[in-house]
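Chains as they are written, first to last, in the working numbering: chain A, 2 to 149; chain B, 190 to 338.
Treat the hints with care, since some could be wrong.
A few chain B residues facing chain A, derived, Cβ under 7 Å [as the list claims (entries may be wrong)]:
(1) Pro-204
(2) Ser-222
(3) Tyr-230
(4) Glu-238
Pair by pair, the computed Cβ-Cβ distance ranges are [stated by the list, open to error]:
(5) A:Ser-68 with B:Met-263: 21 to 29 Å
(6) A:Asn-64 with B:Lys-295: 35 to 43 Å
(7) A:Ser-100 with B:Lys-295: 36 to 44 Å
(8) B:Ser-236 with A:Ile-23: 40 to 48 Å
Think about it this way: if two alpha-carbon atoms lie no more than 30 Å apart in a straight line, the pair counts; the simulated DSBU-like pairs of lysine-lysine are [stated by the list, open to error]:
(9) B:Lys-295 with A:Lys-128
(10) A:Lys-111 with A:Lys-63
(11) A:Lys-40 with A:Lys-111
(12) B:Lys-295 with A:Lys-77
Don't read these hints as lab results, they were simulated from the structure. Ideal Cβ placement from N, Cα and C applies to all residues, glycine included.
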Amino acid sequence: MSILKKNKSGIFLIELLFVVLIILLSITSCVKIFFESQKLSEQSYVLTNAVIASENTAQLLKNADGSLTQFEEYYKANISGNIAEAYFNDEFENSADESNSSYKLRVERKSDDSGLIFFDIIFFDIKADNLIYTLKTTSVDKKEVHYE
Amino acid sequence: MSRRVGATGLPIGGPTLLMVFVILCINIFAVISYMSALRDYNLSEKSAEMITNYYEADTEATKVLLDIAYDIKMNQDYLNKYKYINEFSISDEANTLTVKYKVPIKKDIVLSVVAEFPKNSSNYRILEWKMINNKLIEENDSVLDLPEF
């Protein structure tokens, strides 16, 4: 009777060990998938916010007839010549200095003889030194355009 | 607890069944979470692509508008010059030239522009600058059949 009980406990233990091993292996692969999901979610959050900030900038530039002043006021941007830069923290809140920032929005202004002003809006990840999104837009220079 | 030993010699009992259930649950949740994140990312990318395309079309439309304004001002041949543009038309009515054209944004989506140029003025007036989905209108006419009251 005691030999039978010992055998049963042994088989149960082997099964338990086998189960724990397989669950551990499965959890390892699942944690990997969860981390990948987390990474993708973060990437999509960053891209969405980068697109929103870039589009806002494009509209500000269009509304100001190509001037960088509205962009400067709205995003507390630094302007040097035809280049303006604004900074954002991890939560995509606008920040005045580069040291506490994670992202940078750069606007490059070029003009030609036709009366058009061209803008390159570039959104960088400062920490990863990575380009996230670029948008090209134009604005008409000092033309009286009436929208209805 | 009853315990069966299969052909492989491995014991199959409660813990094994529990393990199968737990592994299935964890895997299903992991896959659902990954698919949801991937769908969000794809949506973000599509949205970004759409906005990029819109601003490219906007730039093109602005360039064309300025060219037409210049040609009209300088009395140059603007009737044949812009035939390459999608659905380009100019109508001359009561001292006002009305220009209509469309710039493609993406498949089936166009930026429709209508502008008028008064002959006695160097300015122009934009009457329409909007995104139109051609597919929706062509394939389902009933969408626009609104009841009249």
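Results of checking the hints against the structure:
{"no.": "1", "hint": "Pro-204", "result": "holds (5 Å)"}
{"no.": "2", "hint": "Ser-222", "result": "holds (4 Å)"}
{"no.": "3", "hint": "Tyr-230", "result": "holds (4 Å)"}
{"no.": "4", "hint": "Glu-238", "result": "violated (10 Å)"}
{"no.": "5", "hint": "A:Ser-68 with B:Met-263: 21 to 29 Å", "result": "holds (28 Å)"}
{"no.": "6", "hint": "A:Asn-64 with B:Lys-295: 35 to 43 Å", "result": "violated (25 Å)"}
{"no.": "7", "hint": "A:Ser-100 with B:Lys-295: 36 to 44 Å", "result": "holds (40 Å)"}
{"no.": "8", "hint": "B:Ser-236 with A:Ile-23: 40 to 48 Å", "result": "holds (41 Å)"}
{"no.": "9", "hint": "B:Lys-295 with A:Lys-128", "result": "violated (34 Å)"}
{"no.": "10", "hint": "A:Lys-111 with A:Lys-63", "result": "holds (14 Å)"}
{"no.": "11", "hint": "A:Lys-40 with A:Lys-111", "result": "violated (36 Å)"}
{"no.": "12", "hint": "B:Lys-295 with A:Lys-77", "result": "violated (34 Å)"}
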